[in-house]
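As they're listed, the protein sequences go chains A and B.
According to the numbering used here, the first sequence is numbered sequentially starting from 478.
According to the numbering used here, the second sequence is numbered sequentially starting from 325.
Among the clues, some could well be false.
[As the list claims (entries may be wrong)] Partial list, derived from the structure: chain B residues whose beta carbon lies under 10 Å from chain A:
1. Arg-376
2. Leu-398
3. Thr-400
4. Ala-417
5. Gly-419
[To be verified] Residues of chain B clear of chain A, computed beta-carbon distances all greater than 10 Å:
6. Gln-341
7. Glu-342
8. Leu-351
9. Thr-355
10. Leu-367
11. Asp-380
12. Arg-388
13. Lys-402
14. Val-413
15. Gln-424
Source of the hints: derived by calculation from the structure; they are not laboratory data.
All residues carry an ideal CB built from backbone N, CA and C; glycine is no exception.
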Amino acid sequence: GIQVEQSPPDLILQEGANSTLRCNFSDSVNNLQWFHQNPWGQLINLFYIPSGTKQNGRLSATTVATERYSLLYISSSQTTDSGVYFCAVVGGTSYGKLTFGQGTILTVHP
Amino acid sequence: DARVTQTPRHKVTEMGQEVTMRCQPILGHNTVFWYRQTMMQGLELLAYFRNRAPLDDSGMPKDRFSAEMPDATLATLKIQPSEPRDSAVYFCASGPRETQYFGPGTRLLVL
Numbered sequence: 478g479i480q481v482e483q484s485p486p487d488l489i490l491q492e493g494a495n496s497t498l499r500c501n502f503s504d505s506v507n508n509l510q511w512f513h514q515n516p517w518g519q520l521i522n523l524f525y526i527p528s529g530t531k532q533n534g535r536l537s538a539t540t541v542a543t544e545r546y547s548l549l550y551i552s553s554s555q556t557t558d559s560g561v562y563f564c565a566v567v568g569g570t571s572y573g574k575l576t577f578g579q580g581t582i583l584t585v586h587p
Numbered sequence: 325d326a327r328v329t330q331t332p333r334h335k336v337t338e339m340g341q342e343v344t345m346r347c348q349p350i351l352g353h354n355t356v357f358w359y360r361q362t363m364m365q366g367l368e369l370l371a372y373f374r375n376r377a378p379l380d381d382s383g384m385p386k387d388r389f390s391a392e393m394p395d396a397t398l399a400t401l402k403i404q405p406s407e408p409r410d411s412a413v414y415f416c417a418s419g420p421r422e423t424q425y426f427g428p429g430t431r432l433l434v435l
């Protein structure tokens with residue numbers, strides 16, 4: 478099956494800093510999503526982005542499908558951004574079946 | 325504000341007991357997913373349904389787990405008999421084809 482690798486595994490920031498999270502995948506995808514799991518365990522859908530660039534407030538994401546990677550940018554980080562960020566993909570022949578990466582644990586200190 | 329709901333939110337049970345988890349997907353969503361999250365394995369897909377029909381349950385231990393959708397507003401995941409290794413957070417998600425929206429999860433502890 479498709480492999481999803483996220484980097485870095487852990488990231489510690491001071492409030493106000495910017496960061497880039499990366500997701501590499503091993504095969505073509507027809508679906509790629511970024512999720513944030515907050516400290517209470519809730520998984521929140523951030524972006525559906527199989528290709529191209531999207532922005533939502535301080536967050537933006539870019540997927541370069543031909544090179545099999547996606548980036549999540551967090552600008553002016555806040556303590557509420559802390560948690561785990563997951564990239565999840567659906568391989569070309571796997572209808573709806575998301576495969577998750579292991580996540581990036583982000584800690585933002587005040 | 326439409327949300328996926330799951331019950332119970334927490335469950336503590338003894339080994340050998342039956343556990344039933346319930347999920348109400350967002351109205352209008354035709355795809356429903358069950359995931360399990362553990363520290364060791366991360367997030368794993370157990371089963372998913374489209375238009376109430378099971379499409380894939382290859383991630384589920386067949387001898388003890390079963391998943392059903394008796395109607396469009398209810399999905400169930402059962403474990404019988406439960407074992408300590410089943411302790412995890414179980415998430416239900418629903419969506420149209422492109423995106424998935426997760427419920428709050430059921431935190432299961434099997435003693």
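Consistency of the hints with the structure:
1. Arg-376: 14 Å, violated
2. Leu-398: Leu-398/B check fails; min Cβ-Cβ to chain A is 19 Å, beyond 10 Å.
3. Thr-400: At about 19 Å, which exceeds the 10 Å cut-off, the nearest Cβ of chain A leaves the hint on Thr-400/B violated.
4. Ala-417: 8 Å, holds
5. Gly-419: 8 Å, holds
6. Gln-341: 23 Å, holds
7. Glu-342: At about 24 Å from chain A, Glu-342/B clears the 10 Å cut-off, so the statement holds.
8. Leu-351: 17 Å, holds
9. Thr-355: Thr-355/B not clear of chain A: closest Cβ-Cβ about 5 Å, inside 10 Å.
10. Leu-367: Leu-367/B not clear of chain A: closest Cβ-Cβ about 4 Å, inside 10 Å.
11. Asp-380: 6 Å, violated
12. Arg-388: 22 Å, holds
13. Lys-402: 21 Å, holds
14. Val-413: Non-interface label on Val-413/B violated, nearest chain A Cβ at 6 Å vs cutoff 10 Å.
15. Gln-424: Non-interface label on Gln-424/B violated, nearest chain A Cβ at 6 Å vs cutoff 10 Å.
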